[in-house]
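Sequences are here, hints too, so could you generate the full structure?
Just so you know, the sequences run in chain order A, B and C.
Residue numbers for the first sequence follow this note's numbering, beginning at 1 and rising by one.
Residue numbers for the second sequence follow this note's numbering, beginning at 1 and rising by one.
Residue numbers for the third sequence follow this note's numbering, beginning at 1 and rising by one.
By construction, these hints were calculated from the structure, which means they are not laboratory data.
The model shown is predicted, which means the values in this text are computed figures rather than measured ones.
We put the CB at the ideal spot given by N, CA and C, even for glycine.
Careful, some of the hints might be misleading.
[As the list claims (entries may be wrong)] To be clear about the criterion: a stretch of chain B counts as covered by chain A if any three or more of its residues have a C-beta under 8 Å from a C-beta of chain A, and this derived list gives those stretches: (1) 207-220; (2) 252-264; (3) 280-289.
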Amino acid sequence: MTATAVVPPASMARSSVRAGVLLAATGGLVLLALLSLTLGSRDVAPFEALRVFTDPTPSADATVIREMRLPRTLIAIGVGAALAVSGAILQSLARNPLADAGVFGINAGAAAAVVVSAFVFGSMPVSGSVWFAFLGAGATTVAVYVIAAVGREGATPVKLALAGVCITALCGSVTSALVLADPDALEELRMWQVGALGGRYFPVLTQVAPFLVIGLVLSLCTGRILNLLSLGEDLARGLGVRTGAARAGLFALVAVLCGAATAACGPIVFVGLMVPHAARLITGPDYRWILAYSAVLGPALMLGADIIGRLVLPGGEIPVGVVIGVLGAPAFVLLVRYRNLVEL
Amino acid sequence: MRRPLFAATAAAALLLSGCSASDSDAGGDEVAWSYTSGDGETYTAAEIPTRIIAEASSAKALMEFGIEPIGIWASNPIEEDVSLQGVDFSGIEVLGEEWGKIDVAAAAELQPDLIVGDWWPVEEAYSGLEAGVEEESKKLAELAPVVGPAQSDSVVTLIEGYAELAETLGADPDQIAESRTAFDAAVADFQAATAEKPGLTALAVSPYDTSYAIAVPEHAPELLDFQQWGLNVIDPETPDPDFPYWETLSMENADKYQPDLLLFDDRWHPGNEDTLAAAPISSSITAFAAGQTTTWPGYWLHTYSDYASELTRLAGVIRSADENLVQE
Amino acid sequence: MTAVLTVSGQRVLAHRRIRLVAAGLALTAAGLFWLAIAIGGELLPPVEVLTGLTGTGEPSTVFIVRELRLPRAAAALLIGLALGAAGTLFQRVLGNPLASPDFLGVTAGAGTATVTAIVFGASSALLLPTAALAGGALTAMLIYLFAWRRGISAYRFILVGVGVATFAQSITSYLVARAEMRDAREALTWLVGSVGMASPEALTLLAVTMALFIPAAVYASRVLRALELGDATALVLGSRTQRDRVLVLGIGVVLIAVATAAAGPIAFIAMLAGPLARLLLRRAGQSIAAAALMGAVLLQTADLLAQHALPWPVSTGVVTGVFGAPYIAWTLITAARRSDLR
Numbered sequence: 001m002t003a004t005a006v007v008p009p010a011s012m013a014r015s016s017v018r019a020g021v022l023l024a025a026t027g028g029l030v031l032l033a034l035l036s037l038t039l040g041s042r043d044v045a046p047f048e049a050l051r052v053f054t055d056p057t058p059s060a061d062a063t064v065i066r067e068m069r070l071p072r073t074l075i076a077i078g079v080g081a082a083l084a085v086s087g088a089i090l091q092s093l094a095r096n097p098l099a100d101a102g103v104f105g106i107n108a109g110a111a112a113a114v115v116v117s118a119f120v121f122g123s124m125p126v127s128g129s130v131w132f133a134f135l136g137a138g139a140t141t142v143a144v145y146v147i148a149a150v151g152r153e154g155a156t157p158v159k160l161a162l163a164g165v166c167i168t169a170l171c172g173s174v175t176s177a178l179v180l181a182d183p184d185a186l187e188e189l190r191m192w193q194v195g196a197l198g199g200r201y202f203p204v205l206t207q208v209a210p211f212l213v214i215g216l217v218l219s220l221c222t223g224r225i226l227n228l229l230s231l232g233e234d235l236a237r238g239l240g241v242r243t244g245a246a247r248a249g250l251f252a253l254v255a256v257l258c259g260a261a262t263a264a265c266g267p268i269v270f271v272g273l274m275v276p277h278a279a280r281l282i283t284g285p286d287y288r289w290i291l292a293y294s295a296v297l298g299p300a301l302m303l304g305a306d307i308i309g310r311l312v313l314p315g316g317e318i319p320v321g322v323v324i325g326v327l328g329a330p331a332f333v334l335l336v337r338y339r340n341l342v343e344l
Numbered sequence: 001m002r003r004p005l006f007a008a009t010a011a012a013a014l015l016l017s018g019c020s021a022s023d024s025d026a027g028g029d030e031v032a033w034s035y036t037s038g039d040g041e042t043y044t045a046a047e048i049p050t051r052i053i054a055e056a057s058s059a060k061a062l063m064e065f066g067i068e069p070i071g072i073w074a075s076n077p078i079e080e081d082v083s084l085q086g087v088d089f090s091g092i093e094v095l096g097e098e099w100g101k102i103d104v105a106a107a108a109e110l111q112p113d114l115i116v117g118d119w120w121p122v123e124e125a126y127s128g129l130e131a132g133v134e135e136e137s138k139k140l141a142e143l144a145p146v147v148g149p150a151q152s153d154s155v156v157t158l159i160e161g162y163a164e165l166a167e168t169l170g171a172d173p174d175q176i177a178e179s180r181t182a183f184d185a186a187v188a189d190f191q192a193a194t195a196e197k198p199g200l201t202a203l204a205v206s207p208y209d210t211s212y213a214i215a216v217p218e219h220a221p222e223l224l225d226f227q228q229w230g231l232n233v234i235d236p237e238t239p240d241p242d243f244p245y246w247e248t249l250s251m252e253n254a255d256k257y258q259p260d261l262l263l264f265d266d267r268w269h270p271g272n273e274d275t276l277a278a279a280p281i282s283s284s285i286t287a288f289a290a291g292q293t294t295t296w297p298g299y300w301l302h303t304y305s306d307y308a309s310e311l312t313r314l315a316g317v318i319r320s321a322d323e324n325l326v327q328e
Numbered sequence: 001m002t003a004v005l006t007v008s009g010q011r012v013l014a015h016r017r018i019r020l021v022a023a024g025l026a027l028t029a030a031g032l033f034w035l036a037i038a039i040g041g042e043l044l045p046p047v048e049v050l051t052g053l054t055g056t057g058e059p060s061t062v063f064i065v066r067e068l069r070l071p072r073a074a075a076a077l078l079i080g081l082a083l084g085a086a087g088t089l090f091q092r093v094l095g096n097p098l099a100s101p102d103f104l105g106v107t108a109g110a111g112t113a114t115v116t117a118i119v120f121g122a123s124s125a126l127l128l129p130t131a132a133l134a135g136g137a138l139t140a141m142l143i144y145l146f147a148w149r150r151g152i153s154a155y156r157f158i159l160v161g162v163g164v165a166t167f168a169q170s171i172t173s174y175l176v177a178r179a180e181m182r183d184a185r186e187a188l189t190w191l192v193g194s195v196g197m198a199s200p201e202a203l204t205l206l207a208v209t210m211a212l213f214i215p216a217a218v219y220a221s222r223v224l225r226a227l228e229l230g231d232a233t234a235l236v237l238g239s240r241t242q243r244d245r246v247l248v249l250g251i252g253v254v255l256i257a258v259a260t261a262a263a264g265p266i267a268f269i270a271m272l273a274g275p276l277a278r279l280l281l282r283r284a285g286q287s288i289a290a291a292a293l294m295g296a297v298l299l300q301t302a303d304l305l306a307q308h309a310l311p312w313p314v315s316t317g318v319v320t321g322v323f324g325a326p327y328i329a330w331t332l333i334t335a336a337r338r339s340d341l342r
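Right under this line is the structure:
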């Protein structure tokens, strides 16, 4: 077993502890999901809210809970997991604690594609623009990787980050040029500037679910390879990993996950950045556990932030992207201050 | 602050006397043109201005009365702007189609003697010259006096303001009266329609992906007019504190108000209707579920003819509407 | 030949190259300044530009030259200088090409403050620049405060900067998403950034700042040279490293804030000017003057393109973004040595 070479032997004893904590975290996630169904800007008594799942009588409350809060909750779970897991993979690939969908220009690419589509075809509901967002996110991921990979030393962390920044700015400029010239595009961008879960219903969920599910299942199997890659290029190659192919495959996974997540609810920052760090704090450096914890903690963060966003304004909502940005930034800054993130 | 007018090249021919009443006594002798603008000042000139540059909506308003500007600027691409349809701008120089950017050098070449735009009392600026635009655009005001009627709580007042301005610029009073008569007939027809359906309630909305915005009639001149003429447009209870033009509801609460007739903001139509249709809660909005919906002209009316045709269309919708769709 | 050059001989060569590059860039900037005034519907001949500037020409030419084009040309020059200088100060103090103020949160903070002012109905010509100034300075202070832990590590500074930038941007996006159409349009226009937005007041402030900056630059370049020998060496040489770093960063913050206040957060100039100037300087090292002038040349070129390259004029920020991004991509692809990126 090559993996034993990677995981320190002492951790075998701690595996049960890790599994226990993971189970508890999953329990917490289920609780948050129930809260997400019962709490919201519309006043529905908690037990009434759960009763609509057994009682088929149509009512406005039932519509809101079954057709609005349920898909919203499921999307939050899927997107949270996808962002967190892809963040973990990106950080390992780029050897860069900053790596996430935002830094790599993937969010900006998705937003730009949506704005271009609105400019060309006029504004459309979310279920239509999802495909353009997907296309944009996928194209940006590929572009960032290709730009970084061409040249002498291949996709080094610095080149990846710079490529991400430059693609972000390029997309930003294209977006601004169109938005200032065309009110349709402006209206569309306003919705895509900040990630939100409101306005996403079953059609959006069914559009992105296949990508999220397949991407997540495959990602959770990459722990061993990530562990090997984290030993460094030479050592990994020595252990029989075809590093080039592995990196390309992992990047493709990231493109699918980030593309689907961004398509579903717009640019969400920090989930991909923070959750893997939090997971690493709990589990140590073994990527198999980091991925598993990310897949549970990511959705928990999304749901928690979304619930807060629904409750803060009476009658209205604050988009989940803003809540995560505002809560996440201080947490991130503290993390940077007190943990040595440089060594991954 | 206002700098001496750049009328120097044209001054000899045009004999502008000055930019405002306060300093016009210097120019003195003859006053062929005088107009009290939205900003409260009276502007005068020794000859009737003929070389006019106007904001596109204002241009449309003047052109209804036969006053044709030589140059226009717009905040959006003219073809796509719902408020600029049905008017032929050919032969008029377009000086800008993006907010904040006016080609003032080209405007200067036109040697205008009057510049026209709506006066916005809250912003204290004329259309296109407000805060945030490029510095060059603001220099447009140095080419000639800027005038225009003020935005107010009635579209009719605004149009009357343009009629008055057009008349000082030599518009045919008969033509103005003719447009007005047709418009008055449309108003009478609208009033008759609302009188036939006294129980009909309407709600003006602008649905977005994540929120459902309801227009507050107090800040929407055409909705205030509709209320005046007998249509019961619902006043939302809690306008947004920092931006009272709308009450913004979360989509979950979109069934809070139940009108008989749902009016969509026509600037974003039909996109906004599709957006609402995609939200499951729309099945609980009775008027939407019953298909009793139409559009309202959102904040852009500038002419009698546009207003008349909108009123006639709405009168038709009202007559065929079911006023008891929603049971209290 | 080179092998026999003494150390002092190399230094003389380096100084000569710096002077040469700076002079070349200054000439280019002057040429672009003249072009910005001359280009319009048709090219004004030099004589008309001159009589326009002195106010003795045709009144219409005087109006176009002095009222429309001169302020914009001056704005491009001054803002470019400020951005280029600010960028290189940040990058050199923190020793990283990513550490430009537009990548850290300083520009984003200025943006948030301004958009807040716009959305909450501020419309006075002085209030927006003041908000940008206050926002930029406050953000820089916050970043410094959070990144300070027994000194400043460049890496921690960048990470905290990115965190703060995201914080600021999420608030900005929310404000734009909630704002009414008119305000949103004003806010987005400002966020793209355009040299043409600089008001006379902002320009005056910028000119004064740049005049004061000249002595500051002399001080900064001495500090930077010491810092670049490495912290340990600098300490041995008796330089009070931390205090010097703070001061130089402070100068950078003032420059970037004043520039952003005048024309919005124009992308990429601050980030590109230093590394590009360095490409020209080759082994001669770095020069604040060359970086500042490079910033001016870049921004002037970008603004000329923004105004005249397309059938309709666009904001300067659109051009710097569209051309800046491929430039970085190109550098990444062609960079033969890693050291070119630093």
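Outcome, coverage hint (the region 207-220 of chain B, chain A; C-beta under 8 Å; three residues): It holds, with 4 qualifying residues against the three required.
Given as covered by chain A, does the region 280-289 of chain B meet the bar of three residues or more with CB within less than 8 Å? Holds: 4 residues of the region 280-289 of chain B have a Cβ under 8 Å from chain A.
Three or more residues of the region 252-264 of chain B near chain A by CB distance under 8 Å? holds (count 3)
In summary, the structure agrees with every hint in the numbered list given earlier.
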